[in-house]
Structure formats: C-alpha cells, structure tokens
Amino acid sequence: MSGQEPADGIPTPSAIKTPLEDSPALLDPAAVGFVPQITGGAAGALDSSAGTIRRENLRLLLRSPAFLMGAAILLWWIVCALFGKTIAPYNPVAGSLTAFNDPPSAAHLFGTDSLGRDVLSRTIVGARGILLVAFLATVLGTVLGTSLGLVQGYFLGPVDSFVGRIIEAVLALPVVIVAFLFVVALSPSAPVLIVVIGLVFGLLISRTVRTAVLQERGLDYIAAARLRDEGDAHIMFVEILPNVMGPILVEFTVRLGYAIFTIASLSFLGFGIQPPTPDWGADISGAAQYLGAGYWWETLFPALAIASLVVAINLIADSIEAVVIQ
Amino acid sequence: MTARTSAQAAPRQLTDGPVVDAAHVDVTYTVRGADRLTVKDVSFQIGPQESFGLVGESGCGKSTMALAIVRYLARNGRVSKGSITVAGQDVQALGTHALRELRARTISMVYQEPGRALNPSIRVGRQVAEVFEIAGLSKSEAAGRAEESLRTVQINDPGRVLQAYPHQLSGGMLQRVIIAMALARQPALLILDEPTTALDATVEAEILELVSALRQEFHTAVLFISHNLAVIAKMCDRVGVMYAGELVEQGLALQVFEEPRHPYTVGLLRCIPRRGQRKDHGRLDTIPGFLPAPGTVPVGCIFTQRCAIAQERCEREAPPMYPVGGDRISRCHYHERAPELPRATPEDVRLPAPDEASAPVISLRGVSKTFTAGKEPVHALTGIDLDLHAGETLGLVGESGSGKTTLARVLLGLSAADDGSALEMSGTKLAPLAPKRSRDQLRAMQIIFQNPDSALNRRHSVRAIISRPLTKLAGLSGKQREASLEELVASVRMQQRQLGLRPAQLSGGLKQRVAIARAFAGDPRVLVCDEPTSALDVSVQAAILNLLAELQGSKRVTYLFISHDLGVVRYLSDRIAVLYLGRLQEYGEAEAVFTGPHHPYTEALLSAVPSLDGTRERIALTGEIPSPAHPPSGCVFHTRCPRRLASGVCESTEPPLAEVEPGHFMRCHIPPDELRQLQNVEGQ
Chain A
19 MSGQEPADGI PTPSAIKTPL EDSPALLDPA AVGFVPQITG GAAGALDSSA
69 GTIRRENLRL LLRSPAFLMG AAILLWWIVC ALFGKTIAPY NPVAGSLTAF
119 NDPPSAAHLF GTDSLGRDVL SRTIVGARGI LLVAFLATVL GTVLGTSLGL
169 VQGYFLGPVD SFVGRIIEAV LALPVVIVAF LFVVALSPSA PVLIVVIGLV
219 FGLLISRTVR TAVLQERGLD YIAAARLRDE GDAHIMFVEI LPNVMGPILV
269 EFTVRLGYAI FTIASLSFLG FGIQPPTPDW GADISGAAQY LGAGYWWETL
319 FPALAIASLV VAINLIADSI EAVVIQ
Chain B
15 MTARTSAQAA PRQLTDGPVV DAAHVDVTYT VRGADRLTVK DVSFQIGPQE
65 SFGLVGESGC GKSTMALAIV RYLARNGRVS KGSITVAGQD VQALGTHALR
115 ELRARTISMV YQEPGRALNP SIRVGRQVAE VFEIAGLSKS EAAGRAEESL
165 RTVQINDPGR VLQAYPHQLS GGMLQRVIIA MALARQPALL ILDEPTTALD
215 ATVEAEILEL VSALRQEFHT AVLFISHNLA VIAKMCDRVG VMYAGELVEQ
265 GLALQVFEEP RHPYTVGLLR CIPRRGQRKD HGRLDTIPGF LPAPGTVPVG
315 CIFTQRCAIA QERCEREAPP MYPVGGDRIS RCHYHERAPE LPRATPEDVR
365 LPAPDEASAP VISLRGVSKT FTAGKEPVHA LTGIDLDLHA GETLGLVGES
415 GSGKTTLARV LLGLSAADDG SALEMSGTKL APLAPKRSRD QLRAMQIIFQ
465 NPDSALNRRH SVRAIISRPL TKLAGLSGKQ REASLEELVA SVRMQQRQLG
515 LRPAQLSGGL KQRVAIARAF AGDPRVLVCD EPTSALDVSV QAAILNLLAE
565 LQGSKRVTYL FISHDLGVVR YLSDRIAVLY LGRLQEYGEA EAVFTGPHHP
615 YTEALLSAVP SLDGTRERIA LTGEIPSPAH PPSGCVFHTR CPRRLASGVC
665 ESTEPPLAEV EPGHFMRCHI PPDELRQLQN VEGQ
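Protein chains in written order, with the numbering used here: chain A, 19 to 344; chain B, 15 to 698.
Among the hints, erroneous ones may be present.
Stated by the list, open to error - Coverage of chain B stretches by chain A, computed from C-beta distances (three or more under 8 Å per stretch; other residues unrestricted): (1) 447 to 454; (2) 461 to 473; (3) 478 to 492.
Hints were generated in silico from the structure; no laboratory data involved. Glycine included, each C-beta is placed from N, C-alpha and C at the ideal position.
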C-alpha cells in the first residue's frame, strides 16, 4: 500500500488512528524476519482489546454537547416515567372543583385544565405511557426489521423481491395512517399500539438493514465462512450482524423518536393511550378546543413535552450516528 | 508529433533557480488537541526540468510532502517549520488569489486513482475543456484544445474519449486524460503521486513512457512519488528516500540504488526479489522491527531501533545530513558502513522439492466459466487444463480481466464452473459449488485473499477468527483447539497477546498473517493465494513471502499463487501459467517461462515490468484488453500481438496449446525456434 493521504480535510491515515494503534508493538512485526521483539514499555498498551473501541466510542459520545443535552432531557423524562406519581405535586387524575382553567400560578406552575387537574402533574406522569409504548414498539420493530433485513440482504433473489414488494405495498401509505387503520380495526390498547407500530417500523428498519447487509455480503470474510461450511444462520447472525450493528443502533434511536411522534398523533386522534391515564397527545386534543378561549397553557405544556422528548432523542440519534460513521 | 498551437510549442520562460526548494520542512498534524510531527526536517530542491523521486513505505510522509508543496494539507495539518518555495514564491506566504494562481498555473498534480479524479457524471470532454476555459479561452477554442491535448497524450481517438463518461474508460485511458489536463497549462512542476500503482504493468509501462516523453516536450519539472523503487529508478534523475517522516538519503537515482549509503535504503532494496532470485536460492532479507509511532520524536537517529549497524552514538545523537560525495546526502552516522549491513534473516533455506511424479492434487480439465451480463454471455474462462502437484507453487499471471481471480473462485467453489468442466482433487470429482463439497474437500482447499480488511471480520477478535476454522474444519475443541491455536499463531510469527485484538488494531502485515493462520487452520493441501502481498509494503511483503515459502516447506502444501508482480511470482513459483482473456497462453516450469522462448504476450508482460536491474527494451502492446464478451477471432491475443503473422492465420485460427519444450506449453502459431530467435534469448 502506498502512502496516499487524502487531501480533503481528513487527517492523514497515520493521524486518524486511535492512540492504541499507534503503539509500536501493534505496528508490524511482519516487518520482522523471525520472532518480533516487542520493545519494552509498549506492552502495557496491549492489554486493551476489543473493549477499547467501544470505550473510545463512548468517550467520543460523552464529549459531544448534543449527546449530553439529549441524554439529560431524556433522563429527566425517564425519571418522570418511573417516579412520576411521587414527583408530581398533585394527583394527575383528580380535578379540583374550585380551580379549573386556572392560568399558571405559584400553586399550579403550568396552570390547571378544564376539569381542574394540575397540568404540570399530568405532564410529568404522562411520560410513562408514551415512553413505555414507544420503547417497546421500537424494540419490537428493530428486532423484526433486523431479522427481515438480514434475510432479504443475505438471500436476495426471489425471497428479497417477494418481501420487498410487500414492504413497499404497506409503506405506500403514510406510516401514521397505516398504524391508525390497524389500531382502529383492532381497538386501541397499549399492546395493540406496540405490535402495530413495531410491525410498521420493522418494515422500515428492514430496508436500512438490507442495504447494510448487501455491502457486507460481498466481502471476502463471507466467502471464507462459506469455505469452512458455515450455515446460513451462522453467516447471518454471527458474521454479518455484528458488522451492521452501527446502522441498526442509529435506526433504533431515530425510530424511537418517530414512535413517540406516532403515538402522540394517535393519542391526539383518540386512538392512542386511553383516558383517564394522563397522556400528552390526548391532553392536547382535549385542550385544543379551549385554545380559542385563551387557555393556552393546557395545550402548550404537553406539546412542549412531546417536542422536548423527540428533540432529545434526535440529538442522541445524531450523535450516535456521527460516532458510528466515524 | 501532432501540431500544436504556438502557445504550447513555445518553451516556457525558465527561471534560473530551482522550481521547488524545500528547506528544513516540518509538517505537524493536530490530532485531538495533540501535535504530531509527521514530516521532520526535510530539505530538497528540484531544478528546472528535473525529475525528482520521493520513495518510501506507507506512512513515511511522501504524500504529505507533496500536499505541503501545493499547500493543500488537511485542515489539521500545517508546515510548522522551514519554508517551501515554488518557482521563487514562498508557498506559505501566498494570499488566496496568489495560491489559486500557483495551483492553476505553476503546479499540477496527478493522483493514484484515476477513477476518482474525474467527476463521474460529467463527460470527459467537458472536464478537459474546462481547464482551458479557466485559462480564458472561449468555449469553442477550449473544445478544440481539449481534443489536441488528448492527442499529445497519445490517445488515438480523442473524439470518442471526449464524448465518454469516466466510467466508460479504462484506468490507463483515464490516467492519460488526467495527465493531459495536468499538462494543459504547461506547469513548471508536475506532481505525480503514485500515478501507476492502480494500473496493470503493461499500462503502467505505457504511462511511464508517456510521462517521460512529455517531460522532455513540456520542459516540466517532475516530483514523482512512489513506493515502487523500480518505477522511481526508471523515472527519476534524483531520488529522496523517506523513512518515518525524514529524508534519510538523497542523491542521483542510479547511485542511490546501486550503492545505497543508508541502512534503510540497503534494507529496502534487499526486500525485493531481484535478478531471478527464487525461494530455493535463499530467503529474502527483511527489515526487522517496527516503524516508530507517528509523531515520535526520537533523541537519536529515527532508524536506530531497526538498524543492525546502529551504535550507542545513534541513540544519543540525531545524525545530520552527511554529504557523501557529489550532491549525495545520507542521514547516517555510519553511512560508509551501510552497504555491509548484516542480513536480518538467515539466507539459507532448505525446501523440499515439489513432488511432480505423483498424481496431481488438483486437476482441471476443460474448465470454463461464463457470466451473463445483461443478456450477453461473457466468457471469463475458456477450456482451462491445469494440474497442481503436491508441494509445488503454480504462479498464475495475466493483466486484470484475464480471469485469474475467476479461476481461483471456480476452483474453490465460490462460483460454479460451466457444465462440462471437470475439477478433480486427488482423483475425486469436486462439486461445482462449495456447499455441495464434502467437509474434507473444503478443508483441503483454502484461500488467502488480497485484501485482509475485507477477508477478516472486523467485529471478531483474532482468536475468534483463527479458532473458528479449527472447530469447523479441523473438528477440534477444548484443550486440543487451544494447543493448535497456539501452534498456528506461533507459526505465523504472531504473539499470544495479540489474540484479543480486532483486525482494525493490527497493521496490514499482521492482518495478512491472521489470514494466513486462518487459511492453515484446517491443514489444507492446496492454498490459493490471491495477490496476498499486493496491498503490503515492500519490507512487509518480503516477510510474508518468506513465511509462505517456509510454511510450504514445513506443511507440504500446494500453492496456486496469483500475482501481477512478476518478480514475486518468479520468486515463489515452481511453474507458471499465463492467462489472457480467460485462456491459458503459456504454461511451464518457472525458469523456462522466464527465460524463453516466451509467448508474445508473456514477452510483453515481462518487458513491461520496471526493473532495478537495468532497463529492458519494452515490447509495447497496442490497445486495451478486449472485452471477454466479444473475444477476437482466432488467437485471442492477435489484436494486440506485436508478432502477429502476416499470413492471417492468427486472425482465423486459434493455435493449440502445444508442448514446445518438455513440460513447456504455449498457444502460438509461431514456431518456438523462431520465437527464440526473435526474442534473442539471453537468459535474463
């Protein structure tokens, strides 16, 4: 190989290696005729292994302000989801008969809604349902999409064409509408939401995974595996899968954001998380009619909650993508 | 020569001073906040019309130096000390406009990958004409000049080339176009950064000749960067040898390569198989030790750790540039002793002779492979008959597109041979595809791929990569597997503690060792080596070739060795097969094939290889390798054959693969005696 250094703002190959690679012990003993003599001092660097790459990636993430901000917001909502009932200043479902449609005040920081319920408490407690459903749906979608994408990308041919056409048919309509149709048909409940969103997202994720698999399957390590009589399952899950985890992780975070968005939309339409459980989408929908009367706080705060959560997850997704691509 | 306009014909105003004057240049990259000195105290001058070569292994800073000259270092890089003057202008001090002018008029650069230097979605003609438009010509004038400029780089049908998109042209053709563009403004300096590394030897020879001719014609100074010592020797008046960011030796190219005065240059030259050296003559020498970590600032000489003649003084005191006669410079305290550098590897080697009397391990009869591109059949291989004997190395040579890799894949069962092809291993028929072969058959035949980055799973540890075939092919487990693993790792000269690493943490040579260990895990009888050293540096290549030769001696394995580097093939091979357009053209004992009589194609291949041992007269091949979808009639080589017979028999009839000497087969209408006479065999 020649020392061809790229000119376009990328550091030279010698410059982009991790500090670990630079330790002389890891450079080429191939240059040695017989047994390489490792010079002292470098030996310590050798203890680090595969784990180092992961640690290095994590370190890069933790240095990214976008990731830290996203993580902080997400962490806040996770805390709300777990301990919402304890943190909330009022009971989110019990209304006050004296204080309805109260604007934000010292007693009710986010005001109260038309039934006299504390908007702040409802916003805090509302994190649980949406986070749980979105997370489970995305996990389901990722598992499904990964398997589907692996099978398509690995086998290609008729299997790929067949599955590909089905996916295209389902995704010809906007995702929210597809999910909406299924949820309406199956009557809305959390498990139905999870399964429906998981299925639809699985189809979307499978396309990304398939593309990543296509790039891998042409590489020589796959040929090497074939030449030692490995089965298809081994090649797909042991050889290929670890190499496409990067795009899958990115896809997972991106989809998590979309899942929250989708669930909030469905709730707004009345087919998401069902009352009386506090839910941001449903609350916005219920409060929207009073917007004209000037009761803006009833809509604004749950809307901000949705926005902050989606933005947080997108910040995390972007940072992860940046690290994975690097 | 073609007619040119007056502007082009007029010799450029030559300044008296050097075109490039680099004085004590340091280049520093800032990586994650830390400074890393990449080029250290490099000084050289390139005079008007002179060609200067920078040679060295990857990471030695040669390309960085070139980028510093055009001030095009990556954003995190800068010239931290010293000065670079080009045509009298201090490059560092230039303003934006002046810098543009410098790049536009004074310096041109040609890179390694011609395919990446042009915009793939714009026709070549537009891109060439643009260079002239920037110079202020009108659109129609520029188009005319574009065509003319392609003629100067010996493109016969510029009309077709100008109309084409880059992907429709071959690498050699693209490189010509790029050279035409680079010379369009008659630059004072042409920088060529590994311009032929991505090309076939035959094309490389053409491009190099073209550059030499144009240099005379355009009076351009050339900075030629290459890892290939022979190419530099052929192309350059003077040469600088770089090592770990330092220029360790400088002088007239002939002198430097004849009598190197720095231990690194001496070592580097010994790594290359030369003068017909073969594996049974002795091992290649290597350079022991490792390249220092980038950015290391040693107290003493940078090469001390790897130098066999280093004294205590070398560790303390950085050597200055010692003048060693003429304008030669060596950065070695003991430069007068450099030529006596002791060998790093013992020379003698005992290799068992291949067992040719026995039945062949692999026997191929009438093996063909047809791909379908669109609806057209593409004949990648046609009627290959080959035998591989136990313990021998069969070298497979030919230009890219000749079917070498296809033959390897067919043999391994990675792609199925056409019906009617017969593949046998020790008398047993082999199924066309690997999954249909028995585990023993799979185990008996493995491969070392060209690119270890692709061949090793990035997410698996070295331990996992080597253990898996031990489990799968050798059927080992537990302690036994652990023992075999240790043995394998030791046999490829790796260390136990490297087992936990991932491929990305290893250097190129180490990765290839992992791939070799994996290939040997199942104790194969036949190993296909598909260009196993072409991605490696010279010193690493030598170590890998030694290793392969050694393993063959100890394990009695048969190699099918594919390489475009004839020196390497000659070093390792017992027999050679020459492929052209998927057909076997010549086949015989390595020495017989190399000494001749040669098939005209082999002759051309041999003559195209730049050599450190003096230049041969090159047999030029006209045109490009034809498409295998439409192979020429008769002898497939007749379209490019310099010795085509006037009788027309070459065009009409395909010659048979005839035995011209015992064990030496050739597919040519010209009788061997006549060929011998024509080629005036001297026995190189």
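Taking the hints in turn, this is what the structure says about them:
no. : hint       : in the structure
1   : 447 to 454 : holds (count 3)
2   : 461 to 473 : holds (count 9)
3   : 478 to 492 : holds (count 4)
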